[in-house]
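So for the sequence shown, this note's numbering puts the first residue at -6; every next one is plus one.
What the hints contain is simulated information worked out from the structure, not anything from laboratory work.
Keep in mind that a hint or two might mislead.
Stated by the list, open to error - Distance condition first, Cα-Cα at most 30 Å in a straight line; then the derived BS3-like pairs of lysine-lysine: (1) K12 x K74; (2) K134 x K111; (3) K111 x K74.
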Amino acid sequence: MSIGSQTSSLAIELRGVHKRYDERAERAVFSALDLVIPRGSFTVLVGPSGCGKSTLLRMIAGLEAVSAGELLFDGVRVNDKPPVARGVAMVFQNYALYGHMSVYDNIGFGLRIAGVPKAERHAAIVDAARQLDLEALLQRKPSMLSGGQRQRVAIGRAIVRRPRAFLFDEPLSNLDASLRGSLRAEIAQLHQRLRTTTVYVTHDQVEAMTLADQIVVLSPQGLEQVGTPDALYDTPGNVFVAGFIGGQRMNLLPVDAMHDAALRALGAGQAAQLALQGVAHVGVRPEDIDLVAGDAARIERIERLGADSLVHLQAGGARFTALSADRQLAPGDLVGVAARRQHHFDGTGRRTPRPAP
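Take the sequences, apply the hints, and build the full model.
See the structure below:
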C-alpha cells in the first residue's frame, strides 16, 4: 500500500456552531461560528492561548461535543458520529506514543486494532517509515528517540490510517527552534504529496504564515478573520489581526495629539485631519519604514536580529519600531522616517479605506 494512494479529502464546514461547557457560564467558547475548510486545503487555526483553537480541532475530531449548530463533512452532518467513524487522524502535541512498543508497533497500532491483515499492515508501516526517514529506527523504543523523531512517529501512525483529514494540535511546540524548522518543512512536503485536508493548530504566527494556504485567526472574542497568508498580512481586517500577524509586531499609533509628531513624520498626516476622516489608529509595519536622512525621530535602542535590526524610535511623545539593515545606526542618532505603506482603522478597530490626501 502506498502512502500516496489516499482516499478523497474532506470538505469541512461549521454552520452556526456554539460551544459551551457550562450553560450557566457568561461566555461561550464559540457562538454562531461559521467556517469553511476547503477540500485539500492546509488550514491553520492561529491565535493566543485560550481562544479555543484546540477546542475547535477537537470538535472536528469528535473528541468534544458541538453544543449547537452543524458540523458537516462533505455536506453531511456528523455532530453525533463517534471519532472512529469520522475518517480523520489526529496528531497531538505530546506525541501520545506507547513507551513499551517499538517504533514499528507504534506506527502500526491503529491498523492492528482495526484488524488490518499483517502483510498489508507491514507494507503500510514500511512505506510510512520510508517517507518519514524512520526506516533505521523501526525497532527502537520512543525513549531512544529525539523529540523530532517521536513526532515523526506520531505522524506516521496517522498517515497509515489513510485519513480523509489530518488534525494537528500544536505538534511542534515541544521542540527546539532548529527541530521546529526542519519538521515544519517535512509537514509542508507531506501535504504537497498527499493533498489531504489538513487542519493545524498553533499559537505561532510564523508557523501559520509558512504552512497555510488558509489562516483562521481566533481571539478570545471569537473568529477575527479568515484568508490567505498574503491577504491577512497585506489587508488585516482589524487591529487584532494587524497586531498578531507579521514577523514583527505592527506599530499601531493612536490618532491623538501625543502621536501627532510621529504620524506626520511617517507621512500619515496630521492627527486632527485623520480623526475627522474617521481614523482612530494608523498601523505601520516595521519592515515598511525606511530610515533616511533627517531629524524627525531619535533612536532609543537597537535589537540586533542578524542581517536586520529592530530599531526603537521616538518622535514627540510616541514610540515605534523600524526594521533596518544599516549596521552604522546607534542609540541617540537622529533620523528621518518614511512609511512605504500604512493601514488605517476606525474607532471600533475595523479596517477603513486609506483616506484621500
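Status of the hints after comparison with the structure:
1. Only pairs whose Cα atoms come within 30 Å are accepted, and K12 paired with K74 is accepted, the gap being roughly 17 Å.
2. Under the criterion of a C-alpha separation no larger than 30 Å, the hint pairing K134 with K111 is consistent with the structure, at around 21 Å.
3. Proximity of K111 to K74 is assessed by CA-CA distance (about 28 Å); at most 30 Å being required, the pair is judged to hold.
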